[in-house]
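Participant: Spelled out from the first residue to the last, the chains are:
Number of protein chains: 2
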Amino acid sequence: MAVSGPLRGLTVVDLTRVLAGPYCTMMLAELGARILKVEPPDGDDARRFGPFLGKTSVYFASLNRGKESIALDLKKEEEKEIFLALLDQADVLVENYRAGTMERLGLGWETLHERFPRLIYAATSGFGHSGPYAHRPAYDMVAQAMGGIMSLTGQPGGPPTRVGSSIGDIAAGLFTTIGIEAALLHREQTGEGMKVDVAMLDSQVAILENAIGRYVATQEVPGPLGAHHPSIAPFGAFRAADDHLIVACANEATFGRLCEALERPELATDARFKDNIARVKNVEALKEEIESVLDGRTKDEWLRLLENADVPCSPINNVEDVLNDPQVLARNMVIEIANPDAGSFRAAGNPIKLSAYPESPTRAAAPELDADRARIVRKDGD
Amino acid sequence: MAVSGPLRGLTVVDLTRVLAGPYCTMMLAELGARILKVEPPDGDDARRFGPFLGKTSVYFASLNRGKESIALDLKKEEEKEIFLALLDQADVLVENYRAGTMERLGLGWETLHERFPRLIYAATSGFGHSGPYAHRPAYDMVAQAMGGIMSLTGQPGGPPTRVGSSIGDIAAGLFTTIGIEAALLHREQTGEGMKVDVAMLDSQVAILENAIGRYVATQEVPGPLGAHHPSIAPFGAFRAADDHLIVACANEATFGRLCEALERPELATDARFKDNIARVKNVEALKEEIESVLDGRTKDEWLRLLENADVPCSPINNVEDVLNDPQVLARNMVIEIANPDAGSFRAAGNPIKLSAYPESPTRAAAPELDADRARIVRKDGD
Numbered sequence: 088m089a090v091s092g093p094l095r096g097l098t099v100v101d102l103t104r105v106l107a108g109p110y111c112t113m114m115l116a117e118l119g120a121r122i123l124k125v126e127p128p129d130g131d132d133a134r135r136f137g138p139f140l141g142k143t144s145v146y147f148a149s150l151n152r153g154k155e156s157i158a159l160d161l162k163k164e165e166e167k168e169i170f171l172a173l174l175d176q177a178d179v180l181v182e183n184y185r186a187g188t189m190e191r192l193g194l195g196w197e198t199l200h201e202r203f204p205r206l207i208y209a210a211t212s213g214f215g216h217s218g219p220y221a222h223r224p225a226y227d228m229v230a231q232a233m234g235g236i237m238s239l240t241g242q243p244g245g246p247p248t249r250v251g252s253s254i255g256d257i258a259a260g261l262f263t264t265i266g267i268e269a270a271l272l273h274r275e276q277t278g279e280g281m282k283v284d285v286a287m288l289d290s291q292v293a294i295l296e297n298a299i300g301r302y303v304a305t306q307e308v309p310g311p312l313g314a315h316h317p318s319i320a321p322f323g324a325f326r327a328a329d330d331h332l333i334v335a336c337a338n339e340a341t342f343g344r345l346c347e348a349l350e351r352p353e354l355a356t357d358a359r360f361k362d363n364i365a366r367v368k369n370v371e372a373l374k375e376e377i378e379s380v381l382d383g384r385t386k387d388e389w390l391r392l393l394e395n396a397d398v399p400c401s402p403i404n405n406v407e408d409v410l411n412d413p414q415v416l417a418r419n420m421v422i423e424i425a426n427p428d429a430g431s432f433r434a435a436g437n438p439i440k441l442s443a444y445p446e447s448p449t450r451a452a453a454p455e456l457d458a459d460r461a462r463i464v465r466k467d468g469d
Numbered sequence: 088m089a090v091s092g093p094l095r096g097l098t099v100v101d102l103t104r105v106l107a108g109p110y111c112t113m114m115l116a117e118l119g120a121r122i123l124k125v126e127p128p129d130g131d132d133a134r135r136f137g138p139f140l141g142k143t144s145v146y147f148a149s150l151n152r153g154k155e156s157i158a159l160d161l162k163k164e165e166e167k168e169i170f171l172a173l174l175d176q177a178d179v180l181v182e183n184y185r186a187g188t189m190e191r192l193g194l195g196w197e198t199l200h201e202r203f204p205r206l207i208y209a210a211t212s213g214f215g216h217s218g219p220y221a222h223r224p225a226y227d228m229v230a231q232a233m234g235g236i237m238s239l240t241g242q243p244g245g246p247p248t249r250v251g252s253s254i255g256d257i258a259a260g261l262f263t264t265i266g267i268e269a270a271l272l273h274r275e276q277t278g279e280g281m282k283v284d285v286a287m288l289d290s291q292v293a294i295l296e297n298a299i300g301r302y303v304a305t306q307e308v309p310g311p312l313g314a315h316h317p318s319i320a321p322f323g324a325f326r327a328a329d330d331h332l333i334v335a336c337a338n339e340a341t342f343g344r345l346c347e348a349l350e351r352p353e354l355a356t357d358a359r360f361k362d363n364i365a366r367v368k369n370v371e372a373l374k375e376e377i378e379s380v381l382d383g384r385t386k387d388e389w390l391r392l393l394e395n396a397d398v399p400c401s402p403i404n405n406v407e408d409v410l411n412d413p414q415v416l417a418r419n420m421v422i423e424i425a426n427p428d429a430g431s432f433r434a435a436g437n438p439i440k441l442s443a444y445p446e447s448p449t450r451a452a453a454p455e456l457d458a459d460r461a462r463i464v465r466k467d468g469d
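Chains as they are written, first to last, in the working numbering: chain A, 88 to 469; chain B, 88 to 469.
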């Protein structure tokens, strides 16, 4: 059932719901770990999130492909005993409750570490397990807004704009994955498990990139960037006759090739555009010059010309375009997930390509609620 | 010099420049690895990216804190010999050239694997090392546009909008980090190194989240989301008397508490808003109702009221707000980086909190170009 990968043989007990935690355990599954998804009696909330194919939530099934499910009510003593027996055979526990919830269940880190000293305990939460907001609720929108990325995203002077995918959850899921693997490496050396505590808010701060640097160096508060880079030009979206395309020149040689391809070689020596500093200063004039030429041909014509000139460029693809892109397909980034209910469907693959492990273009289905109880409780593995 | 962490004792030879690769090796450094940054004779391009504090690029110094630097011209045979001697003592090599560059230098994966069978070789590139676009140039803007996230970001009907930080680079850096740690775990079991090949484009596809699911289930192409969630309401930005704030209700109980806090309990039973499906359908009417109440008080007053009612909410913080937020500070997410040139400065900390390792509120400076040559070549470690 498990994918062939470097984490093969590791067992993860997964208490997580919806997105940040399940994204983390999806990555661990993609790398070969066995994921025992422990759900409340009514299942992960995401099972009820649309859209559906047949009666299957595509949202749930994409994130939980290839995992195994057991339903347990951890407030009942006998079900908690089953849970503790699972931990006895597990390498990693992942949970994404609010801080304090596991302690109230008698399953906090201190308690579990004493009983299972090799177990790695990973917690992904909105604000982490320390600090004044630790007990507050959070969702992706809250993390994106509080963590600053919304202040950088959108049009200058325009309305508030979120990042178009749940980067608040996903970034936390990725940092948790990194933390779990680091803890596994530590355990190889020491035999000891540890606690990994990752907050969505912290993860947003960690991906703000040069916005913090710009602020600490200049004391100017960075604003939304539209579709352009704050300190490189030309580097952003430009309008051709029919549609926008991306042009990105990060050095003089590339800008020279762009000017040649536009048949405006004199722009490269124009005082307003003579180097990157001048171009950033005169970015509006530069945009006007470039778009006045781009207006003469379609986006597709320009993309062909610019590719031939080795100028970094791109269409602004929508999801349909992405799923049909030859490079995306050649990299096995569109996989098929089995779905006994209504045929297989497409989802994003694993971007980590490992030479020691061949990749499959398909993945096992997500489990029905409690479908694997017999096998999980019998402890006979996969 | 190195941070105390689970990767302590591991040596990473780092050929990467600018962002995706240096972000990955920054994370490895945050986890304790020793990073030997091998730069071309004129240094990483990012050393010349503004803004500057004194003569130090804050951009470069943030990403390269605590690393060691040696300048080598890999086109010269005797310098390449020094490089190969470094690999002999290394656990991991990371590079972010275009596909084919390392092979032209005689340093491709096949060659290195034969000579250093335990070495892990990680490549982060725009399009990866296979497929029809493998040899094309790419930057963050290209990955964001081609990978689909720009089609989901921005206002419906509005101009193209990028994510406000370089998520094209950063996501690839995170997936590369996960791949390297997985390869280290594989090496613990087998003694063998492997190649880790991560593309910026693939990484963008992997973070599209439910947009792919929505498309495959409905065949409707998802568009930009403004500041609201596509399938949960109310979940987004709302205007109070003076400014916007975020309100996020993902279930009926929370929506009920919101209606109470707004002193409009009848909204919770209004047929238009009776459940999430109805609210998503009538999202504009819901927004009008909510904003008509919010208009009576300031953002800060509402945040206090909503926090007390346990309704997930947030201001839309800018970078200055983030750097002063009590939770962000309590979590040690604002660290000070030493800078011999112009005093220390603030940067984002490590969001992965590990119970076995205490955290420091400071980090060592980024190296001057070639500053550590003597120590690195003498092989006496740190």
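Just so you know, the hints here were simulated from the structure itself, not pulled from any lab data.
Incorrect hints may appear among the rest.
Note that identical chains are pooled: a pair holds if it fits in a single copy or bridges any two copies.
To be verified - BS3-like cross-link-like pairs, simulated, lysine-lysine; straight-line CA separation at most 27 Å:
1) K142 <-> K368
2) K374 <-> K142
3) K163 <-> K386
4) K361 <-> K163
5) K361 <-> K142
6) K162 <-> K386
7) K162 <-> K361
8) K167 <-> K361
9) K361 <-> K374
10) K386 <-> K374
From a predicted model like this one, the values you see are computed outputs, not experimental measurements.
Participant: Evaluate each hint against the coordinates.
Facilitator: Verification of the supplied hints:
1. K142 <-> K368: between (55 Å within a copy, 21 Å between copies)
2. K374 <-> K142: Intra 50 Å, inter 30 Å, cutoff 27 Å: neither.
3. K163 <-> K386: For K163 and K386, the Cα distance exceeds 27 Å both inside one copy (62 Å) and across copies (42 Å).
4. K361 <-> K163: neither (72 Å within a copy, 32 Å between copies)
5. K361 <-> K142: Answer is between: at 23 Å across copies they meet the 27 Å cutoff, but 60 Å inside does not.
6. K162 <-> K386: neither (59 Å within a copy, 39 Å between copies)
7. K162 <-> K361: neither (69 Å within a copy, 30 Å between copies)
8. K167 <-> K361: neither (69 Å within a copy, 35 Å between copies)
9. K361 <-> K374: within (15 Å within a copy, 48 Å between copies)
10. K386 <-> K374: within (16 Å within a copy, 37 Å between copies)
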